[in-house]
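Asks: Using the hints, position chain Z against chain W.
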Amino acid sequence: MTDPVDILIIGSGASGAAFAWSMADTKMRIVCLEQGDWVKPTDYPANGRDWEARRYGDADIMANRRQLPADYPINDANSIVKIANFNAVGGGTVHYAAHFPRLHPSDFRVKSLDGVADDWPIDYAVLEPFFAQNDQMMGVAGLAGDPGFPPHTMPMPPVPLGRSGTRAGETMNRLGWHWWPSGAAIATVEHDGRAPCINLGHCLPGCAQGAKGSTDITYWPVAIRAGVELRTNCRVREITIGPDGMATGAIYYDRDGREVFQPAHVVVMAANGIGTPRLLLNSKSDCFPNGLANSSGLVGRNLMLHPWPIIHGWFDDEMDGQRGPLVSIWSKQFYETDPARDFVRGYMLQFGRGAGPVGEAMSGVEAGRIPWGAGHHAAMRRFANHRFHVGVACDDLPEAHNRITLDPVLKDAHGIPAPRIDYTMSDNTARMMEHGIARATEIMRAAGAHTIACSRDVLNYPGHLLGTARMGTDPARSVVNAWGRSHDVKNLFVIDGSVFVTGGGLNPTSTIQAIALYIADQMKQRLDTLFE
Amino acid sequence: MSKAAAPLPAWGDPILSDAEKRSLAALCARMIPASAEFKVPGADDALIQADIAKSLDRDAAAVHRALAQLERISGGSLADLDIEKQEESCATLRAEGGADLTALGRIILQCYYRDDRVMISLGMEPRPPFPKGHTLPQGDWALLDPVRKRGKIWREV
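Each protein sequence line maps, in turn, to chains W and Z. The opening residue of the first sequence carries number 47 in my numbering; numbering runs sequentially from there. The opening residue of the second sequence carries number 22 in my numbering; numbering runs sequentially from there.
Don't take each hint at face value.
The calculated EDC-like cross-link candidates involving lysine to aspartate or glutamate, where the alpha carbons are at most 20 Å apart (straight line), are [what the hints assert, rightly or not]:
hint, chain 1, residue 1, chain 2, residue 2
1, Z, Lys-170, W, Glu-216
2, Z, Lys-173, W, Glu-382
3, Z, Lys-42, Z, Asp-72
Keep in mind the hints are simulated off the structure, nothing from the lab. In this text the structure is predicted, and so the values were computed from the model without any measurement.
Isolated chain W (complex conformation):
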């Protein structure tokens, strides 16, 4: 057993890092347990000639493919959207595209506006100052004045339009549809000691330049300097409970496989939408036989994963290829509910650049665009560096049957039961997806694409893991309250994507971090009455 700490955070990704940084000014003793390790920038694939191949190996976005020592298996056979995550200091922010939209004001009032799902117990205005704080810490580039969103400033100028963004923007103007340069947590100028982006074009498996805002290089260095202790290679097995029903700490395996009990006065879950419910469900006790904080039965339920078809177009003239950040421009044209459509809510269109030669060859050969044999080389030169794509980020509403449970057979390397995912797409989302595919195809045709491709079967796997311990005011219909405290265990908090009531139709990291900062602020304001 080690000395007790005031706050024990589990997970060092988007939310855990932001929360730790915010709480550091209390001067309390704060420890964060992370099952992965630090990843050195020199280890990122962009440093080597095998930079593309490693995206399908040790730098894959899927833990089931990577199978690194820090990873745990996930049974996602019964889910159309597979699970992407990353287990290291910085978590998913190491492997994300750094797309940084915020949830819209309407996303917090889905029930009131559209009669579906539920309203959040908080709203956009509550989070607005924390969005701004987070934008500064993560280093967000973009252009102020987007008519598709409430006004706010951007710390840095936007990423370049490039050839693909220019072609897409011109096309959207002809169609009369909204578009705007994407907000991205990518330093476009020197920012807080971070060097600017040099268009490595390989953002997803880690930025060797350090221009992409992942929390290992944004929040953590500051939090550690302020006194927070970050312990790596520590995999938590369960949260422990005392006779009074309060959390007493956590049991974890350290880097040498030793079992350690870490006592804590407050336990904060920051393992995101799969890791957090998995750990809560694994923390069964006499007090909580169905898993911790689960009197509502909602831990693990209402999983939202964002079905995300991608429509690719190839053009006669050259596009950006693998050069430049993945993100380019976005469109909110179809984001808000339109009664004329056959679905409620909506989606954001996200315009991305192309692929490197390996990615182009693999997708081309597997789809039959690039043949084997004598015609291979000419076809490859027709497609390589000649495409851009549009992703349709669908708002999948919460449904109780979409859930995480503990797999009865599958276990991780420490014998801890692994998560099982059951996820299907609702009719509303399916109609939304088809609408988005049709609009994206229209864009590609208007842009002059000679070849257009889309898959409905193999969707993009964005790694957006939301809704599995949602917040609310009614303990029978939610897991945590409006400021992240468990209804059942008053010194247990959830601060990650699990608390989302609805998912919106966009990347959630900005909102996840704003929520973590908001909860930290609420806790600091309530220190004297935190457990009442």
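Replies: Same frame as chain W, now just chain Z:
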């Protein structure tokens, strides 16, 4: 209670037999032949074959199975057949398909398209992205004027 640190998973034998190497080279020659027009080697080039042989990694077991599938279709080594029969066997292999063949195909393409000669032929510098990076045109932000003119589209609450 104490548990040992997590062991690395086993991904299969990372070594190809000589017979497998012969079949693989013959398959690669049919998949991506050399081209004088584009000044590129075929995927059966010795350097590329050596790269493939040391790159099986997580797909080692799948590669062995795919080559066994090819041997079954070919009635022995693909390399021992004449070109016409090789083409027939490759067509059958592609028609049968499967995850193992996909894995093998990916490794071949990953190694082929990082070869210096191939990258130069594609107009790329044979180097990793870092540290030199790339340049990208900034674009003209005046393109946004029509979007600004149309005004706000987000929904008030």
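Asks: Against this structure, judge whether each hint is valid.
Replies: For each hint, the structure was consulted:
{"no.": "1", "hint": "Z/Lys-170 - W/Glu-216", "verdict": "holds (15 Å)"}
{"no.": "2", "hint": "Z/Lys-173 - W/Glu-382", "verdict": "holds (12 Å)"}
{"no.": "3", "hint": "Z/Lys-42 - Z/Asp-72", "verdict": "holds (12 Å)"}
Against the hints set out earlier in the document, no violation occurs for any number.
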